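Using the numbering used here, the first residue of the sequence shown is number 105, and each one after it goes up by one.
Read the hints as simulated data drawn from the structure, not as lab findings. Please read these numbers as outputs of a predicted model, since none were measured by experiment. Every residue gets a Cβ at the ideal spot worked out from N, C-alpha and C, and that includes glycine. A hint or two may mislead.
[Unchecked claim] Cβ pair distances, simulated, as ranges:
1) G176 with G210: 14 to 22 Å
2) E202 with R180: 33 to 41 Å
3) A163 with S215: 38 to 46 Å
4) G210 with R180: 27 to 35 Å
5) A192 with H156: 30 to 38 Å
6) P197 with Q229: 39 to 47 Å
7) N209 with H156: 35 to 43 Å
8) P175 with G198: 48 to 56 Å
9) P197 with V225: 12 to 20 Å
10) V231 with Q159: 28 to 36 Å
11) D217 with T172: 50 to 58 Å
12) V190 with A170: 34 to 42 Å
13) A162 with Y204: 47 to 55 Å
14) H156 with V190: 31 to 39 Å
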Amino acid sequence: MIDERPSTEPFGADHTPEDMRSSRDAVSRRAFLLCAGQIGGALTVLGPHLNHVLQRLAAGPSAQQAATLFPGLHWRMLGPFRGGRVAAATGVPGRPNEFYFGAVNGGVWKSIDAGRAWKPVFDGQPVASIG
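Construct all of the structure, not just a fragment, from the sequences and the given hints.
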């Protein structure tokens with residue numbers, strides 16, 4: 105069973121430098137970031153099994169997971185919740201500094217300086233919500 109309590113030890117304290125080196129070599133940075141985006145909050149509860157899970161995820165979708173890794177985990181909603189967040193964002197082909205952003209609770213915004221400043225373009229509409 106996986107202990108879901110937060111650890112008081114720094115990450116990797118239970119591994120030797122050789123273990124940590126091999127675990128970094130086993131999963132590329134790109135693979136880790138892709139996997140982290142796919143499994144989100146699950147990274148916080150896997151603890152000592154993280155390297156094993158990441159290696160399996162990096163192997164591809166057909167890789168089998170050990171049934172002993174997940175029996176103590178329970179699904180819970182981690183978000184995202186839509187309050188005040190982005191509904192849509194896009195750039196303009198051929199204009200590398202121009203972007204549009206649709207806020208769930210605040211209209212459409214435009215930037216022409218690569219996102220340093222934003223101006224509302226939807227203020228005159230009867231409804232501000234974009235999502």
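Hint-by-hint comparison with the structure:
1. G176 with G210: 14 to 22 Å: Since G176 and G210 have Cβ atoms about 41 Å apart, the given range 14 to 22 Å is violated.
2. E202 with R180: 33 to 41 Å: Holds - the Cβ-Cβ distance for E202 and R180, about 39 Å, lies within 33 to 41 Å.
3. A163 with S215: 38 to 46 Å: With Cβ atoms ~40 Å apart, the hint holds.
4. G210 with R180: 27 to 35 Å: holds (28 Å)
5. A192 with H156: 30 to 38 Å: holds (37 Å)
6. P197 with Q229: 39 to 47 Å: Cβ of P197 to Cβ of Q229: about 25 Å, so the range 39 to 47 Å is violated.
7. N209 with H156: 35 to 43 Å: holds (41 Å)
8. P175 with G198: 48 to 56 Å: holds (52 Å)
9. P197 with V225: 12 to 20 Å: Given range 12 to 20 Å: holds, Cβ gap about 19 Å.
10. V231 with Q159: 28 to 36 Å: violated (48 Å)
11. D217 with T172: 50 to 58 Å: holds (52 Å)
12. V190 with A170: 34 to 42 Å: Between V190 and A170, where Cβ atoms are some 36 Å apart, the hint holds.
13. A162 with Y204: 47 to 55 Å: This hint is violated: roughly 35 Å between Cβ atoms.
14. H156 with V190: 31 to 39 Å: holds (34 Å)
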